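Asks: Under the UniProt record's numbering, the first residue of the sequence shown carries the number 1, and numbering increases by one thereafter.
Source of the hints: derived by calculation from the structure; they are not laboratory data.
Some clues are possibly wrong.
Claimed, not checked - DEER-style ranges, computed between Cβ atoms:
| # | residue 1 | residue 2 | range |
| --- | --- | --- | --- |
| 1 | His391 | Glu126 | 33 to 39 Å |
| 2 | His391 | Glu102 | 51 to 57 Å |
| 3 | Leu118 | Asp141 | 29 to 35 Å |
| 4 | Asn343 | Gln75 | 46 to 52 Å |
| 5 | Gly252 | Asp3 | 22 to 28 Å |
| 6 | His391 | Arg2 | 45 to 51 Å |
| 7 | Leu165 | Met122 | 57 to 63 Å |
| 8 | Leu118 | Asp313 | 38 to 44 Å |
All values derive from a computational prediction rather than experimental measurement.
Ideal placement from N, C-alpha and C gives every residue a C-beta, glycine not left out.
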Amino acid sequence: MRDVAESLLASTSVAVDGVVAAAHREAEYRALLDDPQFAAADRHMGKAYFRHWLSATLHDPGMRVGPCVDPEVLQFARDLVRRGLDTHDLGSWRGAQHGAWELWVDACFAATTVVDELRDVMKVSERSMATFVDDSIAALDEYAEKERADLARGASAERHATVQLLLEGAPIGRALAESRLGYALAGSHLAAIIWSDSADEAAGLDATAEAVMRMCGASCRLTLNASTTALWVWVPADKVPPAETAVAALAGHPGTHVAFGRCGRDVDGFRRSHLDASAAQRLLARMGSARPVVRYEDVALVSVLTADMAQADQFVTDTLGDLATADPVLRQTVLTYVRERFNGSAAAERMFTHRNTIERRLARADQLLPVPLADNAASVVAALMLVELRH
């Protein structure tokens with residue numbers, strides 16, 4: 001058992017990535033795992049549990065392994081409670097256990113072919129792993145219950161519950177919701193999701209939310225702590241700030257990102273704008289993009305296209321041809337030209353260059369494209385956005 005545990009510990013990162021990915025594919029609670037930060041925290045939980053069990057098995061084979069109390073896993077449980085969920089809503093941990101067991105069995109069979117030895121190892125290790133996982137989840141549940149009790153004593157619990165009802169479209173009186181939230185639901189709304197790359201950078205989230213409010217020309221905001229590294233924000237605004245303006249305004253907040261929804265009106269707009277922002281955030285996660293700002297209205301088509309990344313990659317290849325790997329300035333020129341409504345002079349002004357330069361770049365782009373820009377503009381722009389988001 002020691003030899004197998006040692007060998008798996010040496011390759012845990014790669015091996016467990018596959019186990020957790022499979023568990024996520026089979027998990028039932030899709031809404032939770034579609035949240036990039038929760039999905040990352042769940043992956044960390046799977047890895048932390050398996051490493052903990054392997055390390056204990058290496059030092060004391062077959063003995064009962066104490067629960068894993070990894071600080072980041074405890075923080076994950078705290079964030080679940082804030083969303084009104086518990087570990088059983090997630091479900092993927094059981095799938096990760098099954099995957100880890102298969103990994104362990106394969107490694108054991110690779111280590112020895114002695115039947116009696118294998119039989120003994122299987123019996124002992126199955127009991128050890130199952131007991132460890134049950135004990136760890138029980139300890140996590142106990143911790144979550146304490147957090148839930150603490151949260152119930154605060155006003156934030158009511159605000160979270162109210163927002164969840166609004167996002168789910170559940171029946172709740174507008175006046176009651178407004179009194180609980182301290183935010184008017186009549187009129188226009190713009191939702192934003194603000195998150196940081198790590199817990200160490202989360203201290204700047206509130207300052208970023210304040211900057212978002214100011215750039216939108218609003219004087220108030222509704223802010224919810226979605227997790228330790230993310231905020232959900234709504235402001236009374238009827239216009240999404242330009243991406244360039246937002247990037248400039250957030251330049252002083254490194255390590256934070258903002259996803260904007262589209263503006264909407266009244267309760268339905270409050271809900272729809274947040275769902276748009278959430279879709280934009282998921283898109284960045286799928287693309288592995290580090291962009292600081294994304295607006296749903298700019299990436300709506302791309303969001304649909306990237307539901308299947310393999311098909312999205314093929315779409316880029318088929319649509320852009322050699323332009324996909326050409327000079328980035330060429331791709332940016334095409335995007336700017338289309339965004340400026342096919343106006344060469346406006347594109348030149350936006351890019352601080354001469355119109356003749358724009359025309360030469362467009363001519364070169366047409367040589368690289370399988371189909372000329374004029375005959376396939378919508379698809380070309382969508383494909384260029386896909387490429388841009390990856391850089």
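Asks: Please go over all the hints and tell whether each is borne out by the structure.
Replies: These are the hints, each one checked on the structure:
| no. | hint | in the structure |
| --- | --- | --- |
| 1 | His391 x Glu126: 33 to 39 Å | violated (47 Å) |
| 2 | His391 x Glu102: 51 to 57 Å | violated (37 Å) |
| 3 | Leu118 x Asp141: 29 to 35 Å | holds (34 Å) |
| 4 | Asn343 x Gln75: 46 to 52 Å | holds (50 Å) |
| 5 | Gly252 x Asp3: 22 to 28 Å | violated (53 Å) |
| 6 | His391 x Arg2: 45 to 51 Å | holds (46 Å) |
| 7 | Leu165 x Met122: 57 to 63 Å | violated (48 Å) |
| 8 | Leu118 x Asp313: 38 to 44 Å | holds (43 Å) |
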